[in-house]
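Protein chains: 4
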Amino acid sequence: MIKTAVLHAAGYVGRSLLDAILAHPDLELVLATSRSFSGQPIASAHPTLAGRTKLSFVTSLDDGPQPDLVFVAAGHGQGAAAVAALRGAGFGGLVVDMSADFRLPDAQTYVQRYGKEHPRPDLLAGAWYGMPEITGPPPAGTKLIANPGCFATAISLALYPFSTEGAPAVGTFSVTAMTGASGSGALPKPTTHFPDRDGNMRAYKVFSHQHEAEIDRMAPGVSYQFVPISGPWTAGIWGTAQGVLSTGVGAKEIEELFEACYSDQPFIRLWPGSLPELRWSVGSPFTDLGWIVQDDRLVLGFGIDNLMKGAASQAIQNANLALGWDITRGLIP
Amino acid sequence: MIKTAVLHAAGYVGRSLLDAILAHPDLELVLATSRSFSGQPIASAHPTLAGRTKLSFVTSLDDGPQPDLVFVAAGHGQGAAAVAALRGAGFGGLVVDMSADFRLPDAQTYVQRYGKEHPRPDLLAGAWYGMPEITGPPPAGTKLIANPGCFATAISLALYPFSTEGAPAVGTFSVTAMTGASGSGALPKPTTHFPDRDGNMRAYKVFSHQHEAEIDRMAPGVSYQFVPISGPWTAGIWGTAQGVLSTGVGAKEIEELFEACYSDQPFIRLWPGSLPELRWSVGSPFTDLGWIVQDDRLVLGFGIDNLMKGAASQAIQNANLALGWDITRGLIP
Amino acid sequence: MIKTAVLHAAGYVGRSLLDAILAHPDLELVLATSRSFSGQPIASAHPTLAGRTKLSFVTSLDDGPQPDLVFVAAGHGQGAAAVAALRGAGFGGLVVDMSADFRLPDAQTYVQRYGKEHPRPDLLAGAWYGMPEITGPPPAGTKLIANPGCFATAISLALYPFSTEGAPAVGTFSVTAMTGASGSGALPKPTTHFPDRDGNMRAYKVFSHQHEAEIDRMAPGVSYQFVPISGPWTAGIWGTAQGVLSTGVGAKEIEELFEACYSDQPFIRLWPGSLPELRWSVGSPFTDLGWIVQDDRLVLGFGIDNLMKGAASQAIQNANLALGWDITRGLIP
Amino acid sequence: MIKTAVLHAAGYVGRSLLDAILAHPDLELVLATSRSFSGQPIASAHPTLAGRTKLSFVTSLDDGPQPDLVFVAAGHGQGAAAVAALRGAGFGGLVVDMSADFRLPDAQTYVQRYGKEHPRPDLLAGAWYGMPEITGPPPAGTKLIANPGCFATAISLALYPFSTEGAPAVGTFSVTAMTGASGSGALPKPTTHFPDRDGNMRAYKVFSHQHEAEIDRMAPGVSYQFVPISGPWTAGIWGTAQGVLSTGVGAKEIEELFEACYSDQPFIRLWPGSLPELRWSVGSPFTDLGWIVQDDRLVLGFGIDNLMKGAASQAIQNANLALGWDITRGLIP
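Residue numbers (the working numbering), protein chains in the order written: chain A, 80 to 412; chain B, 80 to 412; chain C, 80 to 412; chain D, 80 to 412.
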């Protein structure tokens, strides 16, 4: 059993990680931190986890057994500080960071996308950006894994095949992707105020979402424009990418392209000739990808659970691979 | 045309009032105030009202034409201050206050229910609590009307018949009443955070909701216990009141009781032998009341739109009556 | 007062029409038909209309006062039969048909889009397709108006400006448009089954929605591909149309284009530099249109209430114009 | 590994059972039947299960490996026929029936509650009604387990303590319990039509729900009246039971009562002094029970997932016990 800790575990990403760790046969949850809930049972922040653990939140890593593996579920800009503190305290084991802080390859891109200086550019070089179906497993010796963003995961997995050698050319993809309100975190915001979200659709950060930098890493050379949208549901990301195909490319070529990229991936489900529905992947670690071709028109459809494949289950995939285990361990199936 | 102003008009109650005034053939909206939106078009806070008025918010009553009628849509504790300021500025016309500040008959009850001193007890004596189907029209010369609370309106209208002379005795009513998220106002709160409200039900202020003081005024002598609940919808209050009937009382007696109280009321719809559904009254000024009797078991059902009969349309009813007009004027039907 | 009837009035379009007629100062509802509800009060099918009319449904036009104006709210394929029956019975007044049966200019297009023969091609020649902001008022003497489809209305109003003379060229618009469940009508269907619609998004009729034929009429020459989507809400259509601009075209040109087309239209609200939200138009007769331009990227956003501008309020606009009245009469504002 | 089959597996209860079996370390799914989907992959009816099994639906038990354990997920009235057919075909192993057909102790009660003759009264004697926290494990040799109804489970677990010896007396409980739309099954119905369920609350079968017969078995002697309600969500049952306490009974006595009944139960979570929220148990096998006492007023709150504790996870609990395993096997925790 690998002793496992979650830092800043009182939010939604923290909850999903705690849930996944408690269900994993080879991970043992030994510690969870939260400043607001320190000293209180985990169920005080996460009533859904009542009956599954007797642990209480603590303030820091010193307040419990020394872990082998640490997940950091802090907000953007705070992940780097937490990782730096871990290293400063002498923790030398594997860290999976859920924030955006180590996702971009260099400090300049970070400034462009997040509008502020990177808090610890010195740590960037040692970080591995892990989207397993594209990047594969981390190199031996990896000690810091940056877990991808939720929109970035869904859109990258949809567009990545078009960045592979010999892929059919598509002009510019028009991407619309919609997220549930849990993507905004556990703290109330105007954009998650029920009367303004229920029965509503709202575009935001049009053509300028910060996850584009990650998509550019995972699907280099693919042209797209992206309209992010807030939708009236809690869990899941769903969207479409429309494009115009070159002459001679049809449904058969698209299917071959996706099969070549993903047929061996246990967490990717392909739906040729149709678009998956949002609910199919909600609550699961799967990514659903489908497509429809008609004459020169192409539309891709994609769906993930933003807190699973878009956060916790992808983090478990990454940890499994770093630990030399099968990618599916502790995850259904 | 009666020149009409709305103070503190940037919230949901303000929006419903502005909407109702713009639709009223004999009221002319001349002024709306908001500290946050001062100088900006009304549509900046209320996009649904774009295309219906060219007014912009101003800071105070001095920034526009002198009104004949003022609605005050400030929060609880601020209504009294706003009314006091109006009087201090010399405004002598009719004021309808939407806050809780003038709903209770004396300052002591206010302290008990709201846990703080009443800001202006000297103004209480002049206030008329107006729930027209129970209280009738305000006395001639009334200059300050306290508009009832939303839960108070729904539950009082359901229980009031049992406080009338000769009404059948029912032991203690078990009331459950559920409100949509717009009842919490326009500012985000933990209880209106979409991921925690969507698909959820949550009881709060069990047996101690402050609206009980209003119900006690409108249905004196009726015994009840009240469990307030937050529901996963935006608009509307819905609930049930269960009780046990005395021997010899059946469906016929209950129907006669409600008919005697409400058959002449244009905004009360009776549904003998069934319970109304929540959506029936949403978006309308109606109150739906129904009941089912089986042997000695009784259940009443009630529904209102919390921003209409629970706020704006009841305020228009009150203003219509104070102005000597028909209660339905400007309201459908 | 114009005596007005609604045929096949027990569905959602019927309900919205009855509501609009009851609120119209110059229309008098004299008759409503329904086979299923014949003999029962209108509130038996539409509890929201209780307290607003004492009429009961009847079986046919012969069962009440002779109307001057008839709205036909039958389903697709049944509208033509109902209109034919009206004419056969000698009714010579104005008919507004809500079905798809008279929306297409010729019987061949109808076969292509609806997969069956047109039931009464002889009646097509006399029908006027009325989308007032594009088509203007019907010619004098018009006796049959085809009211547009809901998706067709929203998308046509967004794309129409690009079909006008001198409009900037945009390659192919990628349109995604999403509808609430009320667009599927009042009868339960698998696609409106709550557990499969709640928290879900589902594409359907991809690249082949029948409303494309109407869009082709209203925005001729504009290239687009359209992905229709079912969303988890009751009322409203919302969507985006993305395109790539030619060199030299920017936000200023797009604004001028939309201003030139719509600045005089009381029911069109323009939102330059932003995309409207879905809820802004829900419950209202307005169409919201916005846009964002960044470099050569363009996205249009559009929103309507599918039962108002997408059905009943547009029908009232059409009737107002045919009767020589102001387009806004009986509609807010 | 116990070879396991699910009959009539294309509905929601079937889906939850398949999911639970696929996640159970000691159960092996070998067969699933469906008339409508026979020959098609399980994912054709249940896309959420894509990637988790390669099985296709078959028509009958003869079309696959002989199972050791069979779950029957047929509708009410069809469960008995399916069980009879199983026995007729010589299957002698354990059957867990999800329908209502074997839940009542005798054929007369069945007629009263379901309004029709019991299809196979001869099989009733051999059936064990299993609500493990109340009934304990089935007797050795049990071959047929009737799995309880969803409302029956939630309300029985809340009221059962008051039927135990020495429990405080409460007059008549007023129960309101609300269910999500998945409780109505996978086939569209007027009551699950999205536009009529979204943002709506609707009471039905007031004082006459068929699950009362099960509650009467599990909480004999407890007086209650029950208002069932349809709520605007997909998963979960939530409700309250209000009562008036005798003199001398307070929060301490209620807590002792619930602790005495349930403190050893791994799937019951007690929340003294508060009412649980609906979402806490959704997606889990837990039952949440809480209470608030103020003077002589008592309210109990309860929540379960109707497809888990109200169906599939309770069935797994029952099967685990019948197989001599720990009640939690294959279920979190």
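Hints are not guaranteed to be accurate.
[Said to hold, decoys possible] If you want a taste of the chain B side facing chain A, the calculated C-beta under 8 Å gives, among others:
| hint | residue |
| --- | --- |
| 1 | 103 |
| 2 | 107 |
| 3 | 154 |
| 4 | 166 |
| 5 | 168 |
| 6 | 169 |
| 7 | 261 |
| 8 | 272 |
| 9 | 274 |
| 10 | 278 |
| 11 | 404 |
| 12 | 407 |
| 13 | 408 |
[Stated by the list, open to error] Which chain B residues stay away from chain D? Per the calculated CB distances, all over 10 Å, these:
| hint | residue |
| --- | --- |
| 14 | 120 |
| 15 | 263 |
| 16 | 310 |
| 17 | 319 |
Please keep in mind that the hints were generated in silico from the structure rather than gathered at the bench.
Every residue gets a Cβ at the ideal spot worked out from N, C-alpha and C, and that includes glycine.
How the hints compare with the structure:
Interface hint at residue 103 of chain B: violated, since its Cβ lies 24 Å from the closest Cβ of chain A, which is beyond the 8 Å cut-off. Checking residue 107 of chain B against chain A by beta carbon gives a least distance of about 28 Å; that is not within 8 Å, so the hint is violated. Hint on residue 154 of chain B is violated. Least Cβ distance to chain A is approximately 16 Å, over the 8 Å limit. For residue 166 of chain B, the interface hint is violated, the least distance from its beta-carbon to any beta-carbon of chain A being 33 Å, above 8 Å.
Taking 8 Å as the C-beta cut-off, the interface hint given for residue 168 of chain B is violated, the closest approach to chain A being about 33 Å. Annotation: interface hint on residue 169 of chain B violated; nearest CB of chain A at approximately 37 Å, more than 8 Å. Here the hint on residue 261 of chain B is kept, as its CB sits about 5 Å from the closest CB of chain A, short of 8 Å. At a threshold of 8 Å, the smallest CB-CB gap from residue 272 of chain B to chain A is about 4 Å, leaving the interface hint in force.
Because the smallest distance between the Cβ of residue 274 of chain B and any Cβ of chain A comes to about 5 Å, under 8 Å, the interface hint for this residue holds. With 8 Å as the threshold, the beta carbon of residue 278 of chain B comes within range of chain A, its nearest partner Cβ sitting at about 7 Å, so the hint holds. Annotation: residue 404 of chain B was flagged as interfacial toward chain A, and the flag is violated, the nearest CB pair being 31 Å apart, outside 8 Å. Given hint, residue 407 of chain B at the interface with chain A, is violated; its Cβ is 28 Å from that chain's nearest Cβ, farther than 8 Å.
Given the 8 Å rule on beta carbons, the hint for residue 408 of chain B is violated: about 28 Å separates it from the nearest Cβ of chain A. The beta carbon of residue 120 of chain B is kept farther than 10 Å from every beta carbon of chain D, the shortest such distance being approximately 29 Å. Distance check on residue 263 of chain B: its Cβ is at least 16 Å (rounded) from any Cβ of chain D, clearing the 10 Å threshold; non-interface status holds. Consistency note on residue 310 of chain B: stated as away from chain D, yet its beta-carbon is not over 10 Å from all of that chain's, at 7 Å minimum.
For residue 319 of chain B, the condition that its CB be more than 10 Å from all CB atoms of chain D is violated, with the nearest at approximately 6 Å.
When the structure is compared with the earlier hints, violations turn up for hints 1, 2, 3, 4, 5, 6, 11, 12, 13, 16 and 17 and for no others.
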